[in-house]
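Peer 1: Single-letter residue listing:
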Amino acid sequence: MKKSKFGKILGKLLGATLLANVVLFIVFFFDLDGKLLYYVVEPFLKKHYDNMERKDVLKDSGYDVFKYEKAPYDM
Amino acid sequence: MAKKFDIKALKKTDWKKVAKDFWYGKPHGERRIGDLYIEKTGLYKHREWRGVKDTMYYFYAVWLYNYAMMVADIMKFGGIVPFAKGVWRYRWVGQTYLPVIHWYDRGLQGLRGEALRASPWHYRGMTSSTIKQFMRFFTSDTRLNGGKQNEHYKTNIAHKETVWGGIFYPWDGELTNLPLEMIPYFVTCHVNSHTVQNYIDAVQSIGLPGDPCPMCQAEAGLFVLDDVPDYAPAFITCNEACDASVASTVLQDWLFDKPLYALPMPMQFDDPLVHKHVMKEIEGAWKFIEEQYGIPFSYEKLVNKLKKQNELMEFEWEKWEVAAKTNYYPINGVAQALYRIYYSQYGDWEVWHECDAKVRKVLEKCVSKKINTFPNTRHRVIAWSCAPLFFSDWPTWAYNCWGLNVVINMDSLMFDMKIRTDSYENTLADMATYHMWAPMRRMAVGGMQHIFELWECMEKFNCDMVAMYDQLQCKGMQGVHGLFEDEFRKRNINAFWMPHALPDSRTVTRAELRRMINDYMTTVMHEEPLDPSLLDFDDSMIW
Amino acid sequence: MKDLKHLIFFEDLLQEANNKLVRQAKDEGKFALGYTCYFMPEVLLDLPGCFSVRLRAPRCTSPDIATYYLSARVCHYARSLMERALEGGYNFLDAQLATETCTATCRFQEHLQQKGLDSVEDMRIIDNDKFFCSFIDVPFKNNENGYEHYKTQLRAHVLDELSAHFGVDTSDGALLKAVEQHNEVCRLINEIGDYRKLDNPTITGYEFSVIVLVSMCCPKELILPYLRETAEEMKSRKPDKKKDYRCKVVVAGSENDDPDFIKLIESCGALVVCDRYCYGAVEARQPIVIEEGQDVLDAIARHYLKTSNCPRFMPQDEMRVRKQRLAELCRDYKADGIIVTSNKFCEYWSYERVIDTVIMRRDYGIPVCSIEKEYINSASGQLRTRFQAFVESIEIKQIQEGS
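Sequences listed follow chains A, B and C, in order.
Mapping to this note's numbering: the first sequence position 43 is 43, numbers consecutive.
Start counting at 1 in the second sequence, then tack on 1000, and there's your number in this note's numbering.
Start counting at 1 in the third sequence, then tack on 2000, and there's your number in this note's numbering.
Hint data in this document are derived by calculation from the structure and do not stem from the laboratory.
Heads up, none of these hints are tricks.
Below are the EDC-like pairs computed for lysine to aspartate or glutamate, each with C-alpha atoms no more than 20 angstroms apart in a straight line: (1) B:K1276 / C:E2144; (2) A:K47 / B:D1201; (3) B:K1287 / C:D2317; (4) B:K1325 / B:E1314; (5) B:K1085 / A:E53.
Predicted model, so just to flag it, every value in this text is computed and none were measured.
Using the sequences provided together with the hints, build the complete structure.
Peer 2: Here it is in structure tokens:
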């Protein structure tokens, strides 16, 4: 009885592994990862980055010409 | 329209051949790799069937293994939270690095046998190093950490990507050197060429003309678009590779606004008189680091790291020896070029040794069993000058389509030296030389005699053809254009020019580059393609 | 204003590199030494027995053969020099003292160099058996290490070469003599140039640029009498009663040896009162000061690195303070605005121009006109429009400020 339970678990594990392998192979072979990234993820992220609020560096970045002095070893 | 089922054709099918192709993969001339692409996108209708053994190898040992290792690396170097924050904040990581496996696909397309077992290790090394660096960005970045300057921030030092990582060896384990542009810009162009266009456009939008080196434009554009992490208290810059690097530094200094040490390298590096000068400048950089971080210089650490780096160089020489003298070299053109420039510029790191150990096994097997790794080689090609970053995998295409085997390239040959560790003086002198021989610079400055070392290298690597890169915005290379034409003619050398704008795939497209090579191979060499499906296909929107 | 007595003669001297005074000096047995960049100290090329010629390629509008060698994507200045060399226009040169300070001119000068290599055939462009080309390495920093390095380079690749090839006297005495001559040229040029600081200047930017250029392109000894006379003449020169300009501007930027470019700006109503560009006087015409007991070559090396405002310099303080100096020039010359120029394909000035354009306007409130130009500006219509618009914008600003 015990043996058959263990066998069942092993069988399930093997089955799940096999299924995972088959699914992953399908993803791999048909380039589904690439397609997901190309058609869904990248356009979504691009939209996000394009609409992101960014600092206007030309207006907001100070330029203190005397901020940094020559170091003694670089005189 | 669906294909009509043709019973007659089915009857004529040579099932033995079908079975053989299934088991071993189709022979080179019958592969029709170009038919696998979905129009415009460069995506695959399905990935290539390479025969059972090689397909399974690619599936498990390249595709699945690398996806798993990427997750492992992200967890190892900081975890999912900083990664997610970084992806959300920075375009260059989200847009670029998620489709990294496609970068593998493009570079490793068509490979079989031992070449398929060795080349991906180079990709693995680069991927791991990239993840390590961007994770360090994110765990240190004040923008992602509520404005806090945490321990990571305080122990990072920023530097221009052309400052060699070896400069920071004396602080191994105490400071982390992170090049400013290598991950946000340089590596992105190879993986997803769309990203960089945003940065080039950004810097031109503030009035920069379109003609300066596009690499420096992109590096400056990162700052203009406010897409640089705030990850370190100080910055070391450099004049390498060219005038534009110097010029763009002014803009970087303004917008990064941190204490900066300039580490300029002499242009006339053959002159023995310049050595003392550059040695002092390197020492100046070390003093700057000591002053900024309060951590003393350690010669012992420097020597230990240099010894490790020398091991990398020794193995590179072994690889070159095999590449030059035999047909057994299992690394393809793109893996050779990218890995070499990456590790020699970034400096020593454990992952390079791990990858080299894997490659060594394959290399030794190829040599001992005399395995011809690229059996359809028609021409052994040397690629010269600076390469099109957006199409760095062109050698893979060229081999599959025409049997052009890019054995070696100019960038690989730049840091061609070991560094002595027997005394402080010798170490410093060799470090100076090493730094002066930086990428895109060893052959490009210091007298035009260096760029004409092509003939010597061509002979050394037993090449019969030159792929002459023509970076349209590189003033140094444009300035020797005519002399190369003269010499090619005089020496009767088979050479094709490849004009390009380094990272910018819009100036000269991949399709145009392929067409130029096709035209050369048909009209000058009078050859037939090995795989006609690769001659002309639309990948205009490819990553 | 009354025409300057020697202006036409000066203009004539600028029509070709091998001009009347150059030929005269050559006839006297002197060696003609070419150079392109400020970082090749002209004073060293003006040692007794030789003279410096800062290379120009006037009227070179179509550098076709040079374009084959250097390609169309390299700055027009370098290509024009190359074309002129290929035409035989520099065959009078006995040597070219070269710098790798910008890629384009470096490549041009490398084509002149006889390398004797197997890997690339020498072109023998300069048809002169004595001719040689020697390169120096110029530091990117004006620190002690930079001065030492520069001095070593000047000794080895300029003085020792001149001595070995032509037997030129490179002793301290000879150097001192050259410095004295150089300083007299500087004194005269500055004296003439200072009239641009007047409220109503008595010299135009065009006239001044012609005078500065002849002082760079002609043997000093031979041009000096004309400069002295011009300086004297300037003392009594009266301005026009009615101002013929609408505003004053500083021109800053990359290489410019074309007085017609200055003329073009002035024809639009902007008087050019200061010339901070390669071939301008702001840097090149500062006298060399030798402290008591100081080594002459050391003083020369320090002078050239300290006076340069080249965007090639990389120390952080230096990169930043250049903007301040530009603003100070505006103040000193009472200029109303700045025209920042960069030659097409000039990497250094492409960036410097963009940054100057933002910083000068934003942090110093100085109006800026930012333009990209060619070496010879044949298509002047577009530039004219830009300058006219700039002048108008300055006038509007002045009206708004009630001045």
